[in-house]
Amino acid sequence: MEYFFILVFIALSAAFVAGGLIASRLVAPRRPGDVKNSPYECGEQPIGRTWIQFNVGYYLFALLFLVFDVEAAFLYPWAVIVREVGLVGLIEVGIFILVLIAGLLYAWKKGALEWL
Amino acid sequence: MMHDAALTVLFYVLGAGAILCALAVVNARRLLRAALALMFVLLASAGLYLLLGAEFLAGIQVLVYVGGIVILIVFAVMLTSAADLLEDHPSPGRMLAGAVASISFLVFAGGVFARLELAAPAPGARPPADASAIGRRLLDFGSEGYVLPFELLSLLLLAAVIGGIAVARKTPPRDQPFTSGGDAPGEVDIVLPRSQRDEPEEPRA
Amino acid sequence: MLEFLAAHKPGHVEWLLLSATLFAIGLYGVLTRRNAVGILISVELMLNSAALNFVVFNRFVAPAACDGQITAIFVIAVAAAEVVVGMAIFVALFRHRGTIDVNRMNTMKD
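Protein chains in written order, with the numbering used here: chain A, 1 to 116; chain B, 1001 to 1205; chain C, 2001 to 2110.
No lab work stands behind these hints, which were simulated from the structure alone.
Where hints are given, some of them may not hold.
Pulled a few chain A residues facing chain C out of the computed Cβ check, cut under 8 Å [stated by the list, open to error]:
hint, residue
1, V56
2, Y59
3, L63
4, L66
5, V67
6, L98
Using C-beta positions, here's what the derived DEER-type ranges look like [unchecked claim]:
hint, chain 1, residue 1, chain 2, residue 2, range
7, A, P39, B, I1103, 41 to 47 Å
8, B, A1097, C, R2104, 18 to 24 Å
9, B, R1033, A, I91, 32 to 38 Å
10, B, H1003, A, V17, 25 to 31 Å
11, B, G1067, A, V80, 18 to 24 Å
12, A, V80, B, M1001, 32 to 38 Å
13, A, N55, B, S1104, 41 to 47 Å
14, A, I22, C, M2105, 43 to 49 Å
C-beta atoms are modelled at their ideal positions from N, C-alpha and C, and glycine is treated no differently.
Model the full structure from these sequences, guided by the hints.
So, in structure tokens, the structure goes:
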């Protein structure tokens, strides 16, 4: 039952969002028009469609993020017992991190970290 | 008593949610919706991990799967610009073949599980399988430790970084071999099929 | 009501059936999708259900150990590596061929 309050929290936050959406749908007047339905682009006339080809640079950043996300996930179990495992654990994790730093250096060298 | 009842309710609620979202994953005609439904399946699985007492794993699931892998899938959907294309429903023959294969797997697995006799675990207080227990096993040099898979995983991730960058990156221009992180402005190197282009249809003669 | 719910606590058969159902749905997606990214999304579904299976066996066979959970963590990490490389291949394929429909990818070379 230690998660009871988390459940209550999730239920309350979902109810808050759903309540806001439903209340605005019930109460607010709706008069859609061409201008209102167009996407808001800071007052500019939108050109083309919303679905455009994205720059591949975004993908390279997401790729690096995911790999180092996994690395961080594997560092948590070490972090909670860092004093217990001492130097041996430090060396093991050091090798792990050094190998991944090689990947970061490769990305850096190949220019994947530069924003074009 | 109260605890067991809550466990039952949560199992069926989360399980039904996961199955419904999984059906949406395989049937959604927009891939972006499929990716969103996949996110909800993974979140429901994180909840199921919590029910099984695997708190750390639930955290990893949200951190890596929901926060990383789904994001990468969404980016790939955007990059392959298939997001606005409604995928055709598969042909009836294909749907039939898929349904037969998956349902026969399910029947077979159900038959196996119904006969499965699991040895009852030894009674008594069980130590919490939290992050520190996992860390001890992960960094353990002994015969039951996982230190070698742990180190090999870093090599796998290194290979994934190098492979992913080498494959996804554009071939750089010859005069500047190391500085092409993405598309040069104005560079067009794919010709989209007509149905995906923005330009209006040419007037028919 | 409470007694009924408490008496029907899910055992290992219910848990395993849940993960087998998720696996079967993923299998259906792999067999019916034509878009390569869609197939990879379905493969993620199958990997997730396999990880769930490991945790279920961990809980019902050896609750004192955490081997199943460690294996599930490795499954998640390998899934991450797989998605990184797979999506990179699809992005490159789309750039060269303008499609990621698996029915139209029948050559290894241009």
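Right, here's what the structure says about each hint:
The interface hint given for V56 of chain A is met, as the beta carbon of that residue sits about 6 Å from the closest beta carbon of chain C, less than 8 Å. For Y59 of chain A, the shortest C-beta to C-beta distance to chain C is roughly 6 Å, which falls under 8 Å, so the interface hint holds. Hint on L63 of chain A holds. Least Cβ distance to chain C is approximately 5 Å, under the 8 Å limit. Hint on L66 of chain A holds. Least Cβ distance to chain C is approximately 5 Å, under the 8 Å limit.
With its C-beta approaching chain C no nearer than about 7 Å, V67 of chain A sits inside the 8 Å limit, and its interface hint holds. Nearest Cβ of chain C to the Cβ of L98 of chain A: about 18 Å, over the 8 Å cut. The hint is violated. Restraint check, P39 of chain A to I1103 of chain B: a C-beta distance of roughly 43 Å satisfies the suggested window 41 to 47 Å. Taking 18 to 24 Å as the suggested C-beta distance range, the pair A1097 of chain B and R2104 of chain C conforms, at roughly 19 Å.
At about 47 Å, the beta-carbon gap between R1033 of chain B and I91 of chain A misses the expected band of 32 to 38 Å. With their beta carbons about 29 Å apart, H1003 of chain B and V17 of chain A fall inside the hinted range of 25 to 31 Å. Checked against the given bound of 18 to 24 Å, the beta carbons of G1067 of chain B and V80 of chain A, roughly 20 Å apart, stay inside it. For the pair V80 of chain A and M1001 of chain B, the beta carbons lie near 33 Å from each other, so the given range of 32 to 38 Å is met.
Roughly 45 Å separates the CB atoms of N55 of chain A and S1104 of chain B, a value that falls within the hinted 41 to 47 Å. Take I22 of chain A and M2105 of chain C: their Cβ atoms lie about 46 Å apart, and the range 43 to 49 Å holds.
The structure is inconsistent with the numbered hints 6 and 9, although it conforms to all the rest.
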